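Throw the hints in and build the complete structure from the sequences for me.
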Amino acid sequence: MAVSVFAQSLLQWHSESNSRILPWKEEKDPYKIWLSEIILQQTRAEQGLPYYVKFISKYPTVFDLAAAPEGEVFKLWQGLGYYARCRNLLFTARAIVAQWQGVFPQTYTELLTLKGVGEYTAAAIASFAYDLPHPVIDGNVYRVLSRYFAEPTPINTPEGKKVFTALANKVFDAQHPAAYNQAIMDLGAVVCKPKQALCNLCYLSDHCKAFNTDQVDQYPLKLQKIKVKERFFSYYVFLHKDQVYIQQRTHKDVWQDLYEFWLSEGPAPAALSSLLADEQFVLEYRQNIFHYKQRLTHQLIRSDFSLVRLKRIPALLKGPGIWINKSEIHDYSFPKTIVSFLEEIPYF
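Every number in our numbering is 1 more than the matching position in the sequence shown, counting from 1.
Calculated from the structure, these hints are not laboratory results.
Because the structure is a prediction, the values reported are computed rather than measured.
Positions of the beta carbon are idealized from the N, C-alpha and C atoms, including for glycine.
It cannot be assumed that every hint is accurate.
Straight line, CA to CA, 27 angstroms or less: simulated DSS-like cross-link-like pairs of lysine-lysine [unchecked claim]: (1) 33 <-> 226; (2) 196 <-> 242; (3) 33 <-> 59; (4) 223 <-> 196; (5) 76 <-> 319; (6) 223 <-> 163; (7) 210 <-> 163; (8) 59 <-> 29; (9) 337 <-> 253; (10) 162 <-> 223; (11) 59 <-> 26; (12) 116 <-> 163; (13) 337 <-> 228; (14) 116 <-> 253; (15) 242 <-> 76; (16) 226 <-> 76; (17) 194 <-> 26; (18) 337 <-> 230; (19) 312 <-> 327; (20) 33 <-> 76; (21) 312 <-> 242; (22) 59 <-> 337; (23) 337 <-> 327; (24) 55 <-> 76; (25) 226 <-> 196; (26) 59 <-> 116; (27) 294 <-> 196; (28) 76 <-> 337; (29) 116 <-> 162; (30) 228 <-> 194; (31) 196 <-> 162; (32) 337 <-> 319.
Derived CB-CB ranges, DEER-like [said to hold, decoys possible]: (33) 219 <-> 101: 44 to 54 angstroms; (34) 248 <-> 344: 13 to 23 angstroms; (35) 327 <-> 167: 19 to 29 angstroms.
Below you can see the structure in the form of structure tokens.
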């Protein structure tokens with residue numbers, strides 16, 4: 002099959018001008034490729050880079066990761082967000098050791114059976130580790146293709162997925178899958194950027210329809226975003242002597258499996274209001290000592306923190322959470338909101 006003009010120009014740019022340096026590029030170890038791709042899901046490369054280095058240093062093989070305690074892995078992940086990725090990471094590492102004897106699946110179809118591995122990640126591992134002809138399709142690829150073809154189909158629709166999958170396969174260089182996939186992702190990251198694209202440096206500009214009609218900033222097209230839900234969290238930091246009360250978020254919601262202080266979402270319940278006014282339990286009550294706003298994909302969470310020093314522990318706080326020594330608090334994994342509180346007010 003003849004190589005497309007698109008692929009020829011892309012690979013020429015990759016060999017002559019692509020100076021983007023990342024530790025997982027040119028990597029052939031499927032474990033390291035998989036780890037980098039999971040870390041980079043919903044995360045910019047610059048943000049994910051130090052986490053990749055930390056994980057590879059602490060867990061150099063899939064056996065090391067599979068044997069690691071869950072709390073330790075979550076602690077190392079802390080700050081990256083999207084914690085379902087971390088749960089899937091550990092689950093999959095253990096599955097590969099238990100079911101695959103530590104050897105990663107070597108076909109695209111088998112890779113898709115791994116938890117947390119979707120079409121993009123499977124294509125990345127298949128092409129980079131095994132040189133199999135599967136094009137990757139991520140946000141960078143959508144942007145490059147939508148501009149090159151001036152494709153009007155919104156990328157965040159089922160029809161858009163079909164259209165861009167067809168385009169990706171149309172221009173794909175199956176003879177050099179690893180180099181091609183790396184090239185198109187890098188081009189989208191450093192040249193065909195979301196804003197202020199460097200079209201004067203792009204080897205594809207001669208045939209780029211958006212560039213030649215002065216419409217680069219119009220692509221890719223998206224349907225209107227989902228409305229952001231606003232939530233209000235009131236955290237109560239309960240202290241008794243040298244201990245602090247924390248609880249784990251076990252339900253399916255944001256920050257699942259991470260720890261937090263006693264939480265009231267919305268108005269404080271009557272039981273807590275009664276406790277705060279009860280002098281036989283409460284030694285000191287300092288309200289709203291810290292405020293924090295965190296934006297998630299479809300949620301805006303506004304949190305405020307109040308400190309409550311207790312004379313003795315009421316029945317309300319004898320479960321399901323735990324009392325730990327304040328010196329142990331950094332041994333637990335918390336969402337970014339609470340990490341920011343701990344950094345700002347480390348001694349309460």
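Taking the hints in turn, this is what the structure says about them:
1. 33 <-> 226: violated (34 angstroms)
2. 196 <-> 242: Since the Cα atoms of residue 196 and residue 242 sit roughly 53 angstroms apart, the hinted pair is violated (cutoff 27 angstroms).
3. 33 <-> 59: Since the Cα atoms of residue 33 and residue 59 sit roughly 13 angstroms apart, the hinted pair holds (cutoff 27 angstroms).
4. 223 <-> 196: holds (15 angstroms)
5. 76 <-> 319: holds (25 angstroms)
6. 223 <-> 163: holds (15 angstroms)
7. 210 <-> 163: holds (20 angstroms)
8. 59 <-> 29: holds (19 angstroms)
9. 337 <-> 253: The given pair, whose Cα atoms are some 18 angstroms apart, holds under the 27 angstroms limit.
10. 162 <-> 223: holds (12 angstroms)
11. 59 <-> 26: This hinted pair holds, its Cα atoms lying about 20 angstroms apart.
12. 116 <-> 163: holds (23 angstroms)
13. 337 <-> 228: With Cα atoms ~23 angstroms apart, residue 337 and residue 228 stay inside 27 angstroms; holds.
14. 116 <-> 253: It holds: about 17 angstroms lies between the C-alpha atoms, which stays within 27 angstroms.
15. 242 <-> 76: holds (26 angstroms)
16. 226 <-> 76: Status violated; Cα separation ~32 angstroms.
17. 194 <-> 26: holds (20 angstroms)
18. 337 <-> 230: holds (18 angstroms)
19. 312 <-> 327: Between residue 312 and residue 327 the Cα gap is close to 16 angstroms, so the pair holds against 27 angstroms.
20. 33 <-> 76: holds (20 angstroms)
21. 312 <-> 242: Roughly 8 angstroms separates the two Cα atoms, so the pair holds.
22. 59 <-> 337: Within the cut-off at roughly 22 angstroms; holds.
23. 337 <-> 327: holds (18 angstroms)
24. 55 <-> 76: The given pair, whose Cα atoms are some 11 angstroms apart, holds under the 27 angstroms limit.
25. 226 <-> 196: With Cα atoms ~18 angstroms apart, residue 226 and residue 196 stay inside 27 angstroms; holds.
26. 59 <-> 116: holds (22 angstroms)
27. 294 <-> 196: holds (26 angstroms)
28. 76 <-> 337: Within the cut-off at roughly 12 angstroms; holds.
29. 116 <-> 162: Distance ~22 angstroms between residue 116 and residue 162 Cα, so the pair holds.
30. 228 <-> 194: holds (25 angstroms)
31. 196 <-> 162: holds (22 angstroms)
32. 337 <-> 319: This hinted pair holds, its Cα atoms lying about 26 angstroms apart.
33. 219 <-> 101: 44 to 54 angstroms: This hint holds: roughly 46 angstroms between Cβ atoms.
34. 248 <-> 344: 13 to 23 angstroms: Distance hint for residue 248, residue 344 holds at roughly 21 angstroms.
35. 327 <-> 167: 19 to 29 angstroms: violated (58 angstroms)
The structure is inconsistent with the numbered hints 1, 2, 16, 35, although it conforms to all the rest.
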